[in-house]
Amino acid sequence: MGLNNQLSVEWFLERVGKLTYSMYGSRNGADGTADCSGSMTQSIKDSGGVNYDYLYSTVTLGKYLDKNGYQRISVNQDWHAQKGDVVLMSWGADMSSSGGAGGHVGVMMNATDFISCDYWTGGQLGTAITQHNWDEYYAATKPNYIEVWRFQNNQPAPSVPPAPKPTKRRYGYRVDDLQFVNGLWQVRNDVLGQPDFDWTENGINVAYIDKINPATGENTPDQVLNVGDYFAFQPSSVGIITEQDPLNGKTISHVQFPDEFIWLYTESVEKLIYG
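Throughout the sequence shown, residue numbering follows my numbering, covering 1 to 275 in sequence.
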């Protein structure tokens, strides 16, 4: 069965009054809780979309939309909304800095109204799915960056100016150790890892990082890592932060990656990627 983007709207309407907002549960409604990007991922899958690899964040959802035949039709511009348009928002510079509470996503019900799973009611039981007039929602929340994605159903999409490239330079971390643990190569960085470092809880999969030149911040032609090299996180591989705790005078965060969560010393996804 092909994707029917109209059913994505119905998915949310069917769950009004039934879901409670949380980034720490199933995220897709399976346990009665959900967040914005987890519910959007599930709504597209249940509307005939392709299987997802994991429940995406606002940082990584664009790739899943593209895989399902959506095309980005607007970047920080007004548009003529249609039912089923997916609206991605960031309170940072772009979607790469939208992890956790720094971003949101929902779907247009019609030309003027927007529905999503959000924290509008402060997490009250059964109130996660809310509906708003889009213009009023935009005025109230004031996102810095917006992308609109529309299902094309094999129709050519209007040309859209490319989104401006982020001007931020990714932060470089030193490879302080490199080990093959749990069936994969992982690195340790002493700034990010806690004193009682554990490879399962704190090791960073090399699939999520790039080897960089510390002088320029650019990727090196040779991506083989060794102890003493420098690396930066791939923005598309970093998801949301689901939990934070004070530890040793710093903040340690439970950070989502495509296949796992790991604990790292960082205050936000933004700081983890860009320093």
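In short, the hints are calculated from the structure, not lab data. Since we're looking at a predicted model, the values are computed, not measured. Please note that a few of the clues may not be correct.
Listed below are the simulated SDA-like cross-link pairs for lysine to any residue, each with C-alpha atoms no more than 20 Å apart in a straight line [said to hold, decoys possible]: (1) LYS250 with ASN226; (2) LYS142 with VAL175; (3) LYS250 with SER236; (4) LYS211 with ASP196; (5) LYS168 with GLY228; (6) LYS63 with GLU14; (7) LYS67 with TRP91; (8) LYS63 with SER236; (9) LYS45 with GLY25; (10) LYS271 with ASN226; (11) LYS83 with VAL16; (12) LYS168 with GLN152; (13) LYS168 with THR220; (14) LYS142 with ASN189; (15) LYS250 with ASP190; (16) LYS211 with PRO195; (17) LYS83 with THR121; (18) LYS271 with VAL227; (19) LYS45 with VAL75; (20) LYS83 with GLY62; (21) LYS142 with THR130; (22) LYS67 with GLN6; (23) LYS168 with ASN226; (24) LYS67 with ALA93; (25) LYS83 with GLY69; (26) LYS168 with GLY69; (27) LYS83 with SER26; (28) LYS63 with THR130; (29) LYS250 with GLN152.
Each hint tested on the structure:
As the CA atoms of LYS250 and ASN226 are separated by approximately 28 Å, the hinted pair breaks the 20 Å bound. For the given pair, LYS142 sits about 39 Å from VAL175 by alpha-carbon distance, which is inconsistent with the 20 Å threshold. A C-alpha spacing of about 25 Å is found between LYS250 and SER236, which places the hinted pair above 20 Å, so the restraint is violated. With a CA separation close to 25 Å, the supplied pair LYS211 and ASP196 exceeds the 20 Å bound.
Straight-line distance between C-alpha atoms of LYS168 and GLY228 comes to about 24 Å, which puts the hinted pair past the 20 Å bound. Taking the CA atoms of LYS63 and GLU14, the gap is near 26 Å; set against the 20 Å cutoff, the hint is violated. A C-alpha spacing of about 25 Å is found between LYS67 and TRP91, which places the hinted pair above 20 Å, so the restraint is violated. Between LYS63 and SER236 the alpha-carbon distance is near 9 Å, which keeps this suggested pair within the 20 Å criterion.
Restraint check: the Cα-Cα separation between LYS45 and GLY25 comes to about 19 Å, which is no more than 20 Å; the hinted pair holds. Proximity of LYS271 to ASN226 is assessed by CA-CA distance (about 24 Å); at most 20 Å being required, the pair is judged violated. The hinted pair formed by LYS83 and VAL16 meets the criterion: a straight-line CA distance of about 18 Å does not exceed 20 Å. In summary, the hint linking LYS168 to GLN152 is not supported, as the alpha carbons are separated by about 32 Å, beyond the 20 Å threshold.
Distance restraint check for LYS168 and THR220: the Cα-Cα separation of roughly 18 Å lies within the 20 Å cut-off, and the hinted pair is therefore satisfied. Restraint check for LYS142 and ASN189: not satisfied, since their Cα atoms lie roughly 36 Å apart, outside the 20 Å limit. Annotation: proposed proximity of LYS250 to ASP190 holds, straight-line Cα distance about 13 Å (limit 20 Å). Of the pairs offered as hints, the one joining LYS211 and PRO195 is violated, with about 24 Å between alpha carbons and a cut-off of 20 Å exceeded.
Pair hint LYS83 plus THR121 does not hold up; C-alpha atoms about 24 Å apart against a cutoff of 20 Å. Taken as a hint, the LYS271 and VAL227 pair is broken in the structure, with Cα atoms around 23 Å apart against an allowance of 20 Å. Restraint check for LYS45 and VAL75: the C-alpha separation of about 24 Å exceeds 20 Å, so the hint is violated. As the CA atoms of LYS83 and GLY62 are separated by approximately 18 Å, the hinted pair is consistent with the 20 Å bound.
Simply put, LYS142 and THR130 have alpha-carbon atoms about 17 Å apart, close enough for the 20 Å limit, and the pair holds. Of the pairs offered as hints, the one joining LYS67 and GLN6 holds, with about 17 Å between alpha carbons and a cut-off of 20 Å not exceeded. Between the alpha carbons of LYS168 and ASN226 the distance comes to roughly 26 Å, so the proposed pair goes past 20 Å and is violated. Only pairs whose Cα atoms come within 20 Å are accepted, and LYS67 paired with ALA93 is rejected, the gap being roughly 24 Å.
Taking the CA atoms of LYS83 and GLY69, the gap is near 16 Å; set against the 20 Å cutoff, the hint holds. Between LYS168 and GLY69, the direct Cα distance comes to roughly 30 Å. Violation of the 20 Å bound is thereby established for this hinted pair. With a C-alpha separation of about 27 Å, the suggested pair LYS83 and SER26 falls outside the 20 Å cut-off, and the hint is violated. Restraint check for LYS63 and THR130: not satisfied, since their Cα atoms lie roughly 25 Å apart, outside the 20 Å limit.
At roughly 47 Å between alpha-carbon atoms, LYS250 and GLN152 are farther apart than 20 Å, so this suggested pair is violated.
Hints 1, 2, 3, 4, 5, 6, 7, 10, 12, 14, 16, 17, 18, 19, 23, 24, 26, 27, 28, 29 from the earlier list are contradicted by this structure; the remaining hints agree with it.
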